[in-house]
Structure formats: structure tokens, C-alpha cells
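Produce the complete structure using the sequences and hints provided.
As they're listed, the protein sequences go chains A and B. Using my numbering, the letters of the first sequence correspond one by one to residues 1 to 350. Using my numbering, the letters of the second sequence correspond one by one to residues 351 to 680.
Be careful, since some hints might not be right.
[Claimed, not checked] Some chain A residues near chain B, calculated using beta-carbon distances under 8 Å:
1. Leu75
2. Arg214
3. Lys266
4. Pro269
5. Asn307
[Claimed, not checked] Here are the computed lysine to aspartate or glutamate pairs in the EDC-like style, where the Cα-Cα straight-line distance is at most 20 Å:
6. Lys74/A with Asp450/B
7. Lys511/B with Glu251/A
8. Lys329/A with Asp369/B
9. Lys266/A with Asp450/B
10. Lys152/A with Asp191/A
11. Lys266/A with Asp509/B
[To be verified] Incomplete in silico selection of chain A near chain B, CB under 10 Å:
12. Ile206
13. Val237
14. Arg244
15. Gln245
Please keep in mind that the hints were generated in silico from the structure rather than gathered at the bench. All values reported here derive from a predicted model rather than from experimental measurement. For each residue, glycine too, the CB sits at the ideal point set by N, CA and C.
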Amino acid sequence: MSLNKSTAIKTIAIISALAFIVPTTSATAAPKFKLCVALGGIPGILGALGTTGDPIAKAGAKKRGWDYYEVSNKLDAPTAVKNADLIVQQKCSALIQFNGRPEVNPTIAKKLAKAKIPVITYDIAQPGWYFLGIDNLAAGKAGGAALGKLIKDKWNCQPDLVLESHGYGAGIVDAMRTGGMVEGLKSVCPDIDKSKFKPFEGNGEIAVSQPAARDILAANPAAKKIAVVGLNDAGVVGALLAARQLGSGYEAMGWGQDGNLIAGDKVDPDLKGSVLYFLEGYSAYAFEVLDAIAKKSAPKMRDGAVNPAVLVKPCPVSAAQAQGIPIDKVRITQLAKDPSKTLFSIYCPK
Amino acid sequence: MTHLSSSRFKVPSLRKSADSEYLATILILLVVWIFLVVISVINRSDFLSRATLSAVTFNMCIIGILAIGQGFVVISGGILDLSITVSMLITSFMIVVFYDLGWNTPLLIIVSLLCAGVFGLFNSILVVWLRINPLIVTLATGFAGGGLLLIVFDRGLVDPKSSIADFGTSYLFGLPTAWWPMALLTIGAHFFFKYSRVGRHFLAVGGNPLSSKAMGISLKRTRVATFVGSSIFGGIAGIVFAGFTPEIRPNAGEYYTLPVIAAVVLAGFSLAGGRGSFLALFISVGFLSTIPTALVFFGLQSIWQTFIQGFILIIAVSIDAYRIVKVRGR
Chain A
1 MSLNKSTAIK
11 TIAIISALAF
21 IVPTTSATAA
31 PKFKLCVALG
41 GIPGILGALG
51 TTGDPIAKAG
61 AKKRGWDYYE
71 VSNKLDAPTA
81 VKNADLIVQQ
91 KCSALIQFNG
101 RPEVNPTIAK
111 KLAKAKIPVI
121 TYDIAQPGWY
131 FLGIDNLAAG
141 KAGGAALGKL
151 IKDKWNCQPD
161 LVLESHGYGA
171 GIVDAMRTGG
181 MVEGLKSVCP
191 DIDKSKFKPF
201 EGNGEIAVSQ
211 PAARDILAAN
221 PAAKKIAVVG
231 LNDAGVVGAL
241 LAARQLGSGY
251 EAMGWGQDGN
261 LIAGDKVDPD
271 LKGSVLYFLE
281 GYSAYAFEVL
291 DAIAKKSAPK
301 MRDGAVNPAV
311 LVKPCPVSAA
321 QAQGIPIDKV
331 RITQLAKDPS
341 KTLFSIYCPK
Chain B
351 MTHLSSSRFK
361 VPSLRKSADS
371 EYLATILILL
381 VVWIFLVVIS
391 VINRSDFLSR
401 ATLSAVTFNM
411 CIIGILAIGQ
421 GFVVISGGIL
431 DLSITVSMLI
441 TSFMIVVFYD
451 LGWNTPLLII
461 VSLLCAGVFG
471 LFNSILVVWL
481 RINPLIVTLA
491 TGFAGGGLLL
501 IVFDRGLVDP
511 KSSIADFGTS
521 YLFGLPTAWW
531 PMALLTIGAH
541 FFFKYSRVGR
551 HFLAVGGNPL
561 SSKAMGISLK
571 RTRVATFVGS
581 SIFGGIAGIV
591 FAGFTPEIRP
601 NAGEYYTLPV
611 IAAVVLAGFS
621 LAGGRGSFLA
631 LFISVGFLST
641 IPTALVFFGL
651 QSIWQTFIQG
661 FILIIAVSID
671 AYRIVKVRGR
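Structure below.
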């Protein structure tokens with residue numbers, strides 16, 4: 001009986017001690033890392049993620065035992081700002097941001113800086129945010145060189161016009177992508193006369209590039225062999241369509257960027273290829289920075305498109321090669337199964 | 351209640367004065383348009399070419415149809431329909447959806463237009479029964495509709511092998527096939543408002559709703575028809591848009607709002623309602639569609655068109671405001 005009493009006292013003592021220890025331990029332990037994701041991209045480009053979430057970021061966070069929280073602005077600027085408040089309230093440890101309404105990024109940046117939340121931004125630079133993006137210049141050069149080879153084979157490097165569908169609002173990104181395409185084209189066909197290059201504002205939209213290209217073609221009535229380069233697929237396709245609209249006398253071919261209009265069965269017949277970025281799989285790269293932040297050894301800030309924190313390799317593909325690459329939703333599902341890979345490593349033709 | 355007979359609207363002196371005013375507007379616009387063409391030809395003689403004609407007429411197609419719809423709203427006293435480009439996009443997206451379901455072209459066009467009509471009906475319910483200002487209603491439904499399209503569709507891809515895509519690049523009688531619906535609708539609208547009894551009802555409601563009501567015209571029915579009608583015009587523009595644009599994005603309407611309003615105001619449509627000529631509107635659309643092409647011949651980029659259209663809009667609105675003040679001062 002006395003032994004039992006002693007055991008009981010010991011048990012009570014241990015439980016009492018534990019009762020003190022457990023709360024003390026939990027109070028001093030570091031809070032669980034919380035990854036937050038704020039989406040809201042350009043329709044078609046990561047647009048799917050803007051409405052359905054980012055399964056790759058989610059899978060990566062789950063694998064690491066992190067908490068996960070995501071919001072979408074549905075391409076609406078005021079919602080993007082409200083989302084920043086939610087991110088602060090959620091006490092996120094780090095944020096992945098892809099905002100198709102970059103005009104409110106400075107406002108969002110102020111809120112997040114005040115809350116000391118580090119941000120990784122995709123393809124849209126913002127001072128103080130880790131820039132993760134494509135190697136724009138390499139992407140442009142690769143696409144331009146690929147189109148250059150076609151021009152060399154078909155027109156002996158003598159196109160009548162080279163239409164440059166710019167998106168001047170994109171600033172340095174446009175200069176590197178579209179300018180890079182011109183550089184790449186010239187690397188194969190160096191003797192194309194300067195006067196044959198016609199830059200115009202296409203804004204990365206068919207509705208803008210098509211009428212603008214029509215007007216340029218009308219002002220150059222003798223030009224019939226038309227090459228088109230541009231910021232993205234849509235800007236290029238608009239110009240290719242403009243040539244078809246003006247008559248059967250035109251022979252046009254173009255090479256786009258972003259891969260938005262090259263996959264699937266509804267591809268413009270004159271779009272000969274594109275440079276894929278696999279934007280929907282960027283989160284696989286983001287963990288390079290996120291893991292360092294989680295280990296309290298945040299990398300040195302590199303927030304510019306010229307010197308980014310993480311550089312994504314571009315993947316030039318011809319229209320024929322693109323037919324072998326599944327659509328973005330299938331690609332996301334595949335990558336989410338193993339986020340340690342990248343879409344480039346899985347799908348870019350060797 | 352007294353019902354209106356067509357003869358009661360015939361006020362010869364007033365109609366004659368309106369007709370001469372429309373004629374003056376048409377002549378002024380024609381002179382300005384011809385002046386633009388002449389200086390472009392002096393600058394470069396190859397401006398007068400088949401390629402230029404094609405470029406200008408292609409430029410006219412979508413803006414022209416949307417402008418007729420907008421003119422229909424303005425003339426009927428609905429101020430402006432700021433959601434007309436959403437009607438356009440609803441139709442374009444529905445065309446893609448129904449095409450992917452394997453529907454035949456006539457059926458998918460009819461049902462897509464009906465979808466635009468339902469959107470217009472929603473606008474008219476808010477305007478007529480909830481008595482909200484049409485400008486506020488269409489601004490709100492324009493935003494909400496655009497947002498909904500983004501949530502539901504993200505984007506729509508038109509099959510380049512489809513008959514809709516062929517329509518966007520083909521020619522009929524030497525001009526783009528897509529130009530003809532705009533031309534025919536202009537002629538139709540002109541005759542409808544000038545010679546039909548129902549058309550004059552719309553004009554009367556736009557000019558003086560209280561008198562129209564006193565004369566037995568149903569304001570509610572007219573307003574409902576106005577907004578449903580403008581949405582259907584938006585829908586017709588959506589068919590052309592789907593033919594022109596293989597990738598339809600929910601935000602694409604923003605590129606058309608300003609040129610359409612500029613065309614309507616420049617054509618002399620009074621934002622106060624009750625007056626406007628669809629023939630003048632045709633010339634106004636032609637003039638505004640020639641500007642970007644002419645700019646390129648002058649060595650400028652077509653992005654200058656936005657600045658110039660905005661400038662023209664300021665002048666046109668100022669003239670309209672002056673006219674209203676002058677009429678009220680009488």
C-alpha cells in the first residue's frame with residue numbers, strides 16, 4: 001500500500017512537472033513555417049493557377065511539413081491589395097506572388113515590408129522582392145535563332161519585313177525578349193537590312209497587335225515575305241493573322257514566346273514555334289529561396305530581371321515538337337507528383 | 351390612354367431642321383475624312399491602295415457594329431451602355447463553348463446572341479424596375495460581367511480551321527466579309543429610325559420621355575428593348591471578334607470602349623438623347639478607322655491613335671455640350 005502511495009505521489013509529481021514543461025516548451029519553440037501564395041495572372045498564362053490554386057507550391061509545402069495558405073486576386077487590383085492584408089493577418093513566413101496587376105505592387109510591397117514578410121515574385125520585378133523568372137534575353141535569342149533558321153531555309157535570309165510585336169509596358173522584359181529575338185534572328189541572318197525591321201506596339205494582345213500589323217503591312221505594299229517576332233505568342237499571332245487578312249499574296253511565319261498558343265489542337269498555321277517558360281511550374285524553383293529563408297539564412301536580395309534570384313531556363317520548341325507536350329493543366333498535375341523536378345527537366349525536348 | 355399614331359410625330363419644321371443638321375454633320379465629317387485621305391496621298395501616293403482599303407475596312411468592322419449598338423442606346427435616351435463590350439465577349443466565349451460541343455454554326459450563333467440578349471435584359475431590369483441610372487448600371491454590370499467571364503472562362507481559343515475563323519479573313523465583293531454586317535446594320539438602323547413608327551418611338555423617348563409617355567408610348571418597353579437591342583448589337587460584334595481573334599480574353603473589351611464612344615459623339619449623337627444619324631455614324635467610324643492607318647504612312651506608330659481619338663472626343667463632347675446649353679437657353 002505504501003509502495004502504491006509512493007508510486008502515486010511520483011506519478012502526480014511527474015504529471016505536474018510535465019504540465020509545466022509542455023506549455024513552456026511550446027511557448028519557446030519556433031512557430032511552424034507558413035508558405036503563402038498570392039496568385040492572379042494574365043488569362044491563359046498561369047491563369048489556371050489564378051483560379052484553381054498552385055498544386056506545386058502546395059505539394060512542396062506539404063512535403064516540408066509547412067503550413068500553407070493561398071489567395072487569388074482574379075486579376076483585380078483592389079483584390080490584390082486586400083489579399084496583401086490577409087497575408088499579413090495570416091502571419092506568413094514567406095510569400096510567393098504572381099500579380100497580373102503589377103500597378104499595385106508598390107502598395108503591396110509597403111504592407112509586406114512593414115510585416116517583414118519576404119516575397120518571391122514571378123516574372124514581374126519589384127524592388128525588395130526576390131525575382132524568379134525566365135532568362136529573358138536567352139529566351140529571346142533562342143526563339144530568334146530558331147526563326148532565323150527557318151528564314152534561311154525558306155527565304156535565303158531575305159524576308160521583305162520583320163515585324164517586331166513589342167509590349168513596351170513590360171519595360172526591360174520586352175527589351176530583352178523582343179530585342180533578344182531580333183538579336184537571335186540576326187545571328188543566323190546577319191545581312192537583313194535595318195529598314196526591314198518594323199517595331200510596333202502589340203501589347204501582347206491579338207486585339208492590339210492585329211490592327212497595328214495590318215496598318216504596317218498596308219504601308220509596305222511591296223512586302224510579301226513577312227517574319228514576325230514578339231514579346232509573346234499572342235502578339236505574334238495577331239500579326240500573322242493580319243497578313244492573312246490582307247490577302248493570299250502574303251507568306252508569313254512567326255515564332256512566339258511563352259508557349260501560350262503553341263500547344264493543343266488550335267494552333268495558328270503560321271506560328272512555327274515558341275519559347276516555353278513553363279510558368280505554371282515556377283514554384284518548383286521557388287523552393288531554392290524558400291528553403292534558405294526557412295533555415296534563417298535568406299539569400300542576398302536580387303530583385304531585378306537582369307540579375308534575378310532564380311533564373312529559369314527557356315525551352316524553344318517548334319510547332320511539331322509542341323504537339324508532344326501536354327497542356328498546362330496536365331503538366332501541373334505531373335509536376336505536383338514530384339515537385340523536386342522542374343517542368344523543363346520533364347518536358348523540354350532534348 | 352392616348353395611343354400614338356405615326357402621323358402625330360410628323361412635325362415637318364422640326365424634322366426638316368433635324369434632317370438639315372444631320373446632313374451638315376455628314377458633310378463636315380466627309381470633308382474631314384477626305385481631307386485626311388488627301389493629305390495622306392500627298393504624303394505618300396501609295397496610300398490609295400487595295401491594302402489600305404482592306405486595313406481601314408477591317409478596322410471598321412467591330413468598332414462599327416459596337417457603335418451602332420451604342421448609338422441605339424444614346425438616341426433612345428439610355429445615355430451610354432458601358433457594358434456593350436461585355437455583351438461582345440459573352441457571345442465570343444459562347445461561340446467557342448458551343449463550337450467545342452460540336453454545335454453547327456447557325457445554331458451556335460443564334461444561341462450565343464441570345465446569351466447576349468439575356469445580359470441586356472438583366473441590364474434593363476436594373477434600369478427600368480429598380481430605376482438605377484443606366485450609366486451606373488452598365489458600368490457595374492460591365493465590371494461584374496468581365497469578372498465573371500474571367501472566373502468562368504479564363505480564355506477561349508477559336509479553332510483556326512473553323513468557319514468562324516474563315517469568316518475573319520475572307521472577302522465578299524472585294525471587301526472583308528466581316529465588313530458587310532456592319533454596313534447592312536448601318537443602313538437598317540438608318541431606315542428603322544427615320545421611317546419606321548417604332549424607330550420614331552425610340553427617338554421620341556430619347557428626346558422627351560415625359561411627352562412620349564403622355565402620348566402613350568411605353569417608356570418601360572422602350573428602355574427594355576433599348577438595352578436588349580444594344581446587347582444584341584454587342585453580340586453581333588462578338589461574332590466578328592471571334593472571327594478576328596483566335597484567343598479571346600475577358601479583358602479584350604477595353605480596347606474598344608473609347609473608339610466606340612468617340613465615333614458616336616463625333617457623329618453628332620446627343621448624349622442627352624433624341625438625335626443622331628446612323629449615316630453620320632458610318633462616316634465617323636470610317637474616319638476614326640482611317641487615322642491609325644494614315645499615322646503609319648506618316649511614319650508614326652498606330653499607338654498615337656488613342657491620343658488622337660481622345661482629343662477628337664474632347665472636341666466632339668464640347669460641341670455637344672455647347673449645343674445642349676444653346677438649346678436650353680432658347
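Taking the numbered hints from earlier one at a time, note which ones the structure violates and give those numbers from smallest to largest. 5, 6 and 8
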